[in-house]
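Keeping the supplied structure of chain A fixed, place chains B, C and D upon it in accordance with the hints.
Take a look at the letters that make up each chain.
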Amino acid sequence: MLKSYKDMPSTPVSLQSTEDIMTGNWRTMRPLIDEEKCIRCYICWKFCPDMSIEVEEADDFPTVNLDYCKGCGICANECPKDAIEMVREE
Amino acid sequence: MMEVITSNYAAAYAAKLSRVEVIAAYPITPQTSISEKLAELVDSGEMDAKYIKVESEHSAMAALIGASHVGARTFTATSSQGLALMHENLIWAAGVNRPIVMPVAARALSGPWTIWSDHSDVISERDAGWMQFFCENNQETLDMIIMAYKIAEDREIMTPAMVIEDGFILSHTVEAVDMPLQEEVDDFLPPFDPEFKIDFKSEPRRYAGVLAPDWWQEHRYRRMLDMERGKEKIVEVERDFKRRFGRSYGGLVEFYRCDDADVALVIAGAPTGTAKDVVDEMRDRGKKVGLVKLRSFRPFPGEELVKLNDMVSMVGVFDKSYTMGQGGAFFQEIRNALYSPDGVPIKNYIGGLGGRDVTKKNIERIFEDLLALNKEGKVDRIIDWVALKGGPGRWE
Amino acid sequence: MMAKLPLPKEEYLYRGHAACPGCGAPLAMRYTMKALGPRVIMNVPAGCTAVIGGVWPRTAFKFDMMDHVFESTGAVSSGIRAALDAKGIEDVTVLAWAGDGGTVDIGLQALSGAVDRGTDFIYVMMDNEAYMNTGIQCSGSTPIGAWTTTTPFGKKCEIILQRKKKIMEMMVANGIVYGATVNVAYPEDFVKRVKKATEFEGPKFIHALSPCAPGWRVDTAKTVEVARLATQTNMFPLYEVEWSEYRLTKTIKERKPVSEYLKTQGRFRRVSEDMVNRIQAMVDEEYEELLRKVELSKG
Amino acid sequence: MIEIRFHGRGGQGAVVASELLARAAIMDGMKASAFPSFGSERRGAPVMAFCRIDDRPIRIHAGIYEPDYVVILDAKLIKIVNVLDGIKEGGKVLINSPKSPKELGLESDHDVFTVDATGIALDMGLGSMASPIVNTAVIGAFAAICPEVKIENVIESIKQAAPAKKEQNAEAARKAYDSMKGAR
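Line order of the protein sequences matches chains A, B, C and D.
To convert, take the position in the first sequence, counting from 1, and add 557; that gives the numbering used here.
To convert, take the position in the second sequence, counting from 1, and add 35; that gives the numbering used here.
To convert, take the position in the third sequence, counting from 1, and add 1374; that gives the numbering used here.
To convert, take the position in the fourth sequence, counting from 1, and add 71; that gives the numbering used here.
Chain A on its own, in the form it takes in the complex:
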């Protein structure tokens, strides 16, 4: 736990990842994936700058990791089947 200057490493180097930064709370719109329309082309996965479209196993439908999704909407815009809709956060 970092509490004092004494806890800093001897040289300025990183100690942990950014994964505790929940960038999901930047979001005003969230993507909703319609599995009826989705053809699992994974174009949404390919173009997500925040690695928030996740594909667990081959053949799975993509899911959205809302902890990190910043709600940019690229996935919805790039989806060839209009299977992703951006909806306002509650």
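Hints listed in this document are in silico derivations from the structure and should not be mistaken for laboratory results.
In this text, all values refer to a predicted model and were calculated from it rather than measured experimentally.
Among the hints, erroneous ones may be present.
Computed cross-link-like contacts, SDA-like style, restricted to lysine to any residue with a CA-CA straight-line distance of at most 20 Å [stated by the list, open to error]: (1) D/Lys230 <-> B/Glu38; (2) B/Lys236 <-> A/Pro566; (3) A/Lys563 <-> B/Lys395; (4) B/Lys395 <-> D/Asp139; (5) C/Lys1408 <-> B/Phe235.
Sample of chain C residues facing chain A (criterion: CB under 8 Å; computed from the structure) [to be verified]: (6) Leu1379; (7) Pro1382; (8) Gly1390; (9) Cys1397; (10) Gly1428; (11) Thr1433; (12) Pro1561.
In this text, a Cβ means the ideal position worked out from N, Cα and C, and glycines have one as well.
Using the frame of chain A, we list chains B, C and D on its own:
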């Protein structure tokens, strides 16, 4: 083995003896022959190092910062404009704990052009976070570079070091230099082994990433501690060096014949030896004068220098640079260090600028001035420019 | 049908990085690292990527990297390579990653030096066409007609006649062994080009177009689409150069007029119709020149 | 301490001469230092180089203003620079010239010697008629007029550290020394 070489060659051989792994060099007078000698040593295979031809001093320092993060022992050399161009990367190197060792053939900063010696280049970098060691002769240049690696690379210090040799006055003067054997240096100086380095063995890290206000002050505090630890380390390393090689230089400061002196002059770099001759001659004539050789300007040896208050009744400080709007840099800091209600009077002498020779006569006049003022118990002016054309007649 | 990911699955960026929504930079980084894998040392100057990487004690990079001052990118890479050589480490890619300002302006000297030295590295210029990190100031890579906070048009709405520096031409003249233009809108091609770069020993230069929603004045959802239009209109043609041989890596069957690209972005709002024509003529001319080089290379 | 000042032209080897002399003294167990006039030297322009020799450590790092010896590698310099500037009383002057001191018209209270270093250098194939390399012959002759410097050490110093043609340079020093018989 005794070699008859310039301080520049001594610096190059010191790099070789220190088994430097990466060199980045850009030519500038009067440093150039260091880079050339190293290229020669690498070319002949006498030295096993990677030699990077860079397109500027700024890039030389940048390349070494990169190489140092991968755990390589690194070396470059520069002067004057080159040092000024490096400025940004000097601060970076210190801020991210890269223990680079760099001789500086000290030369005046230009505008208009000058290529000759003074300390204005290195003084301009006193706040860069580097250790700064001034050398009196070619032997000290060689010894100090080897010692500087040991000090700089200490895991508790990890701070870069400038080893300063007065341009031309040392860099181009040949003297006898006792060259230690490679095995002896290997035994004294272990390979560079930092706690953090990119070696693909430990987990991946980001080096030198963004540090926000919540931790910046703590970061600076840590760097301050790194530098402060240098003070003890210098003395310790020198003691070890003396044991092995038989030479030592007095730690952070050398007090030369100060014990029963009435007045003392603080001086750094190449004029030190000249001043020692003057002290000896004046002592022979019964004048009680002493000399203080400032070896380490960073870290600043305030605790050592304050002893002067008890040793002598007046102190002069000789600066080979001038800080516009203020005075000599050594003077300002030494006056601060000596300040107390019972502090002795202190006077600043400026000289040796832009290659002006610092002669024995100049130094003798300074001592005579100090002795005369000491009789009156106070200084006349805070600052005198030595041998200034049109200045006070006593310097003629 | 067995659904398959269109790119290698492994990611080398951590989630939680600090890129703006819709940013092209993390896409460029994802594609680059998918091509290179983890045995990489990256060096990054001031710019968006330094901020995207997070704030100490965190890092958004799953691989070894270092930050350094703005203009030193090429020199730091040379130093890293020299140290790897000194240590006898051979199978590591040295990746320099800088923005357009850090490349075509302030970092040009060190980059030129590194290419001249023959440093074995891949330099990726992440081109978002202005100093976006400091808030949209004009760089040498800002295209003609684009608004930035430092391109005053004046009362007469005069367009500053600044053409985008032809950095690839400069790099080819400087002596790179391989160069390619890539676009985050074409990820498969992007990965292919970076992979190909690893086959060459010496200095490689990747010019990556990377859209910036706030800087280009586009909706965050549209960044990839707009970037794609840059290639579809020949504003940013995709090609590669092996030594001095040029080859198109993306042939656009039906080239769209530049107006379609310009009108999608707020930064070109003040470009007059007359100016659009001039830009079109310029783009046509430059594309012709590129085709000539491609033809000559076939010879 | 003895202090020596060399006058030459850029490219004639005055600096190397001063360094070889320092080396010769150090070989003999003496202390020595040598340095050039600092600056950017240009071929053909008048230059100076300096050497100090002492039996005690040399700590001074200042210029030489009152030399004990002045060594002139090119007699034409006599008319261009004040070669005798500051020379100590009883100081000695050595000039590279086939002429006698009298013929040179160098009126002086000092001991003036000449040596035909150019002739010797050319005989040894050192340099060309246009630019003979005279420095080693000159320091050979210097050993004949300076009791602190031994010719054996000068020759050994040349063999160790002359930049090129070590043997011929050493031989030139020997010949120049021998030609100075009257001086000793």
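Hints, verified against the model:
1. Between lysine 230 of chain D and glutamate 38 of chain B the CA atoms are separated by roughly 14 Å; this keeps the pair inside 20 Å, and the hint holds.
2. The suggested pairing of lysine 236 of chain B with proline 566 of chain A holds, with an alpha-carbon distance near 18 Å, which does not exceed 20 Å.
3. Taken as a hint, the lysine 563 of chain A and lysine 395 of chain B pair is broken in the structure, with Cα atoms around 50 Å apart against an allowance of 20 Å.
4. Using a Cα cut-off of 20 Å, the hinted pair lysine 395 of chain B and aspartate 139 of chain D holds, with the two alpha carbons roughly 17 Å apart.
5. A hinted pair counts as satisfied when its Cα atoms are at most 20 Å apart, and lysine 1408 of chain C with phenylalanine 235 of chain B qualifies at roughly 18 Å.
6. Evaluation of the leucine 1379 of chain C hint against chain A yields a held restraint, the C-beta minimum of about 5 Å falling below 8 Å.
7. For proline 1382 of chain C, the suggested interface contact is broken, since its CB lies about 11 Å from the closest CB of chain A, more than 8 Å.
8. A distance limit of 8 Å between C-beta atoms decides the matter here; for glycine 1390 of chain C the minimum to chain A is near 4 Å, and the interface restraint holds.
9. Checking cysteine 1397 of chain C against chain A: minimum C-beta separation of about 5 Å stays under 8 Å; hint holds.
10. Annotation: glycine 1428 of chain C was flagged as interfacial toward chain A, and the flag holds, the nearest CB pair being 4 Å apart, inside 8 Å.
11. Interface hint at threonine 1433 of chain C: satisfied, since its Cβ lies 4 Å from the closest Cβ of chain A, which is below the 8 Å cut-off.
12. A distance limit of 8 Å between C-beta atoms decides the matter here; for proline 1561 of chain C the minimum to chain A is near 5 Å, and the interface restraint holds.
In the structure shown, a violation is registered for the earlier hints numbered 3, 7, in ascending order.
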